[in-house]
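Student: These are the residues of each chain, in order.
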Amino acid sequence: MAYLDHAATTPMLPEAVEAMSAQLTVTGNASALHAAGRRARRAVEEARETLAEALGARPSEVVFTSGGTEADNLAVKGLYWQRRDADPARTRVLASPVEHHAVLDAVDWLGEHEGANVEYLPVDAHGRVHPKALREAIERNPDDVALATVMWANNEIGTVMPVKELSAVAGEFDVPLHADAVQAFGQLDVDFAASGLAAMTVSGHKIGGPYGIGALLLGREYTPVPVLHGGGQERHVRSGTLDTPAIAAFAVAGRIAAERREDFARDIGALRDELVRAVRRAVPDAILGGDPDDRLPANAHFTFPGCEGDSLLLLLDAQGIECSTGSACTAGVAQPSHVLLAAGSDPDLARGTLRFSLGHTSTKADVDAVAEAIGPAVERARTAGLS
Amino acid sequence: MSGGVDSAVAAARAAEAGHDVTGVHLALSANPQSFRTGARGCCTIEDSRDARRAADVIGIPFYVWDLAERFREDVVEDFIAEYEAGRTPNPCLRCNEKIKFAALLDKALALGFDAVCTGHYATVVIGEDGGRELHRASDMAKDQSYVLGVLDERQLAHAMFPLGDTLTTKGEIRAEAERRGLAVAKKPDSHDICFIADGDTQGFLTSRLGTAEGDIVDESGSKLGTHDGAFGFTIGQRKGLRIGHPAPDGKPRYVLDISPVNNTVTVGPVEALDVTALTAIKPRWCGTAPAGPGTYTAQLRAHGGESPVTAELVGDELQVSFAEPVRGVAPGQAIVLYDGTRVVGSATIATTERAAASVA
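Chains as they are written, first to last, in our numbering: chain A, 1 to 387; chain B, 1 to 360.
What the hints contain is simulated information worked out from the structure, not anything from laboratory work. A few of these clues could be false.
[As the list claims (entries may be wrong)] Computed beta-carbon distance windows for the label pairs: (1) D200/B - P162/A: 56 to 66 Å; (2) D106/B - P142/A: 51 to 61 Å; (3) G320/A - D106/B: 45 to 55 Å; (4) I80/B - G231/A: 36 to 46 Å; (5) K186/B - H113/A: 37 to 47 Å; (6) K186/B - D191/A: 47 to 57 Å; (7) E139/A - D106/B: 51 to 61 Å; (8) E16/B - T363/A: 27 to 37 Å; (9) G240/A - A141/B: 49 to 59 Å; (10) A17/B - G320/A: 20 to 30 Å.
We put the beta carbon where it would ideally sit given N, CA and C, even for glycine.
Assemble the whole structure, with the sequences as input and the hints as a guide.
Tutor: If you want it as structure tokens, here you go:
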């Protein structure tokens with residue numbers, strides 16, 4: 001088996017499993033005042049400190065959530081409500097059109113239900129938002145912008161956004177900028193303080209931690225209106241009993257991801273480059289998606305003209321190669337990627353995509369398996385054509 | 001895999017027999033409904049989930065293939081056009097001919113698969129000459145060979161019907177599904193036309209074709225009432241005629257003829273429905289076309305009985321005469337010819353000859 005879908009989820013690190021298992025055997029609500037509660041709270045706060053350090057943030061800036069989707073929703077909706085409540089004129093939401101659906105659909109929902117005026121920023125052929133584009137959008141009326149959201153690195157095609165430059169532009173106009181850094185964490189130098197971001201999303205299971213845990217890194221001056229109301233945990237912006245085992249394991253995985261990041265980027269990046277070369281050798285007209293250089297080191301995204309991505313997936317799956325088309329499904333039917341369409345791709349081309357994403361367990365054997373299978377698979381998928 | 005019990009058990013049996021099976025659910029609607037309503041339809045997102053769930057239990061890969069556009073062109077639009085022309089089409093045959101054993105089969109073959117396996121109740125056997133023959137299911141009560149009568153030898157060569165060759169009733173299939181841990185065991189049967197979710201064919205046609213008031217007349221041409229569109233009627237139909245007064249002899253009246261040209265529906269007594277012969281077009285043969293006249297049994301509807309006939313291919317037309325008059329024969333329907341249990345071929349009924357008079 002060649003598992004090449006680490007961007008969907010990556011195996012848990014043994015250290016994280018150990019940390020989680022240890023916490024699962026003990027009781028304690030981190031909000032309780034007795035000894036059991038204090039023990040749990042200590043584990044949570046230590047985890048918060050560990051994660052803050054791994055991400056260049058202050059512990060108080062770490063707000064635990066149930067995962068990336070919730071953190072994105074809290075940032076986008078919460079900051080929109082906060083900013084609009086402070087000044088009803090602020091209803092404009094600026095977003096990149098290549099966002100993950102957790103951001104995209106939250107933004108669209110604000111447009112449909114909360115009177116937001118959603119404006120999608122232009123991207124180049126690699127799916128990148130240029131600081132100039134953000135500046136132009138804000139300058140049209142700096143007073144009516146509620147927030148801007150641009151992902152740190154794209155989950156489908158791997159392109160890295162110029163986050164610091166975008167932050168600097170937003171900062172000039174006091175516009176809060178949120179970045180979904182779910183894919184960036186562990187692969188790029190993600191430093192919250194240095195980034196200048198108002199808010200940033202990270203997720204546990206993409207970095208070797210458990211499912212169902214994530215965090216919103218949130219500047220201390222922001223108090224987004226909660227999406228979940230309740231007991232007032234997490235600075236009153238995210239209520240709910242803290243998941244101590246998941247939080248402890250997330251922190252361990254986060255620490256290791258940060259520690260190993262440079263090695264990971266170098267070694268897995270080299271393996272990825274090998275995979276790209278192998279695919280191009282086998283299928284010379286395959287188109288590499290995203291920026292060829294400034295991209296996630298573990299991501300390889302291809303468009304195979306004349307193929308249905310689904311057909312390729314089926315054929316590779318039958319050979320024990322597990323990857324993704326990269327785009328979302330509607331009722332199980334693969335849709336042309338919104339990322340490629342936004343980057344100006346032809347709709348038919350945008351249906352023939354595959355995303356290979358490597359991770360900490362990837363080996364040369366995985367790349368060899370793809371090198372061997374991809375040529376015949378593409379040939380067959382082309383015969384089957386586009387339905 | 002429709003999401004129903006039959007295709008799930010068919011997939012399980014094929015996998016158990018050692019075949020390398022991949023489950024495919026066809027997305028046939030561009031805007032599928034989220035949930036099933038009652039026992040109708042087969043194309044909701046819930047059905048797709050049921051099919052996926054079954055595939056996961058069987059342990060086979062599962063994909064949804066989007067054939068909505070092909071289905072719309074080849075089945076739905078054809079269905080509407082046929083009704084508009086005053087005929088009574090069978091979309092299930094059309095779907096088997098154009099979608100399941102054409103669009104789906106072709107894609108599957110291109111991807112390296114050998115056959116399309118479905119939950120139909122019918123049997124494929126190797127004939128004496130080595131060719132494939134389609135036969136009725138072992139259990140006549142479940143037999144679905146009629147809707148497969150449009151398949152030619154090439155299509156049959158790539159068809160597998162694991163449910164057809166066992167003596168089985170639905171109860172046993174459900175028990176088998178239960179035994180295999182398939183949650184669809186308790187799911188109601190789907191029937192009716194899958195793309196008309198509420199089962200209201202007339203309403204569907206009206207929504208697509210609009211209304212056009214026309215006359216309902218008797219055999220002599222006297223006006224008895226009006227209707228909202230001749231396309232909404234089927235030959236042999238008795239209900240929904242909305243004729244205010246009874247026939248002089250007090251007997252019920254049936255639709256005898258539908259004329260889309262002048263938007264007229266002709267009604268009359270049941271005897272006038274008796275058909276003694278018919279001509280059918282677009283014949284398709286499961287194997288070589290028979291030479292010269294022959295005696296067969298014919299089936300005219302999905303759940304209809306068998307009628308002895310003499311049939312002969314004259315040019316492109318199949319000419320059929322019935323040993324005994326039959327009722328409720330409508331142009332547009334398929335006639336499927338059998339030699340014993342073997343499907344010989346099928347054709348689309350173009351004109352019928354009545355005992356009383358010939359009607360176009």
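Student: Look at each hint and say if it fits the structure.
Tutor: Status of each hint after checking the structure:
1. D200/B - P162/A: 56 to 66 Å: For D200/B and P162/A the Cβ distance comes to about 57 Å; the hint holds.
2. D106/B - P142/A: 51 to 61 Å: holds (57 Å)
3. G320/A - D106/B: 45 to 55 Å: Violated, at about 26 Å.
4. I80/B - G231/A: 36 to 46 Å: Once the Cβ atoms are compared, 58 Å apart, the range 36 to 46 Å for G231/A and I80/B is violated.
5. K186/B - H113/A: 37 to 47 Å: holds (38 Å)
6. K186/B - D191/A: 47 to 57 Å: Holds, at about 56 Å.
7. E139/A - D106/B: 51 to 61 Å: holds (55 Å)
8. E16/B - T363/A: 27 to 37 Å: holds (35 Å)
9. G240/A - A141/B: 49 to 59 Å: holds (56 Å)
10. A17/B - G320/A: 20 to 30 Å: With Cβ atoms ~23 Å apart, the hint holds.
Checked against the numbered hints given earlier, this structure breaks hints 3 and 4; the rest are met.
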